[in-house]
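What the sequence shown shows, in the working numbering, is residues 490 to 751, in sequence order.
To be clear, the hints were calculated from the coordinates, so they are not data collected in a lab. Hints are not guaranteed to be accurate.
[Claimed, not checked] Derived Cβ-Cβ restraints for the label pairs, each shown as a range:
1) Asn508 to Glu572: 40 to 48 Å
2) Ala512 to Arg721: 51 to 59 Å
3) Phe659 to Thr558: 22 to 30 Å
Just so we're clear, the structure is a prediction, and the values are computed from it rather than from any experiment. Beta carbons: idealized from backbone N, C-alpha and C, even for Gly.
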Amino acid sequence: MTNSLPDRLTKMGWNEIANHLEALLEDAARDSLSYSAFLDTLLSLEEKGKADRALKNRLQQSRLPQIKTLDNFDFTFQPSLDEKRIRDVIAREFPRDAQNILFLGPPGVGKTHLALAITYEMIKKGYRALCLTSHEFLEKAKEAMEKGDTKRFVRMLTKTDILLLDEFGFEPMDSHSANLLLQIVAQRYERGSIIITSNRSVSEWAEIVGNAALATAILDRLLHHSKAFQIRGESYRLREKKKAGFVFKATETAVNEENHRS
490 MTNSLPDRLT KMGWNEIANH LEALLEDAAR DSLSYSAFLD TLLSLEEKGK
540 ADRALKNRLQ QSRLPQIKTL DNFDFTFQPS LDEKRIRDVI AREFPRDAQN
590 ILFLGPPGVG KTHLALAITY EMIKKGYRAL CLTSHEFLEK AKEAMEKGDT
640 KRFVRMLTKT DILLLDEFGF EPMDSHSANL LLQIVAQRYE RGSIIITSNR
690 SVSEWAEIVG NAALATAILD RLLHHSKAFQ IRGESYRLRE KKKAGFVFKA
740 TETAVNEENH RS
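Please model the entire structure based on the sequences and the hints provided.
This is the structure we're talking about:
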């Protein structure tokens, strides 16, 4: 084998073929592969390598805190959820239509799990995503305002196919952050998808952003093209603690009463 072949392949960006060329040639000779079959093997290897690297890059850029899937979500524990409807959202590739997804419900019912799982499935399909918690959003918004760099901040949150805002409403927003959120929602309207998880009902969003008119403007754009999932059920985390005998009866009663009020 000519020593320069791997180097030439690497320079052309065909890294997978370059890294495995010697073994590929040996296999081809052993199996008496035709030229077309050998070429197909080379191209398939390179295509898979490029796809794997691209997926890795998209996952890194997304800032997903962890990988979650629908297969390890216990739908039987949350009967208020329609599994088929959730899977249809993925099958129809909601980012193609810039559709928004809202998961609403009390703490611990699986909102974040579902949001991360759906986002992960879309990343695997080639979409770009960015995941931020409400706290991270507020911190980055504050930093951008202090540096006078809000345009870059808004651009960063509008250029991805999917923006995931987790735990929205966990902390109240100041007027500057709320206005930045409106800018982001407005610029993404009918151009990019937003996924939001929140334990606050939409009727409480005026309290979260501190301005009823602002909340209305945000909700008007979010809900126009959206799928909303209201989850009513027991907390997964409390279920596991109850199994271990760590939850007192009074705590269980209080949580169930709160869920019934939601």
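Here is what the structure says about each hint:
Between Asn508 and Glu572, the C-beta spacing of about 41 Å keeps the proposed range 40 to 48 Å intact. Range check, Ala512 to Arg721: about 56 Å between beta-carbon atoms, so the 51 to 59 Å window is met. Separated by about 24 Å at the C-beta atoms, Phe659 and Thr558 satisfy the suggested range of 22 to 30 Å.
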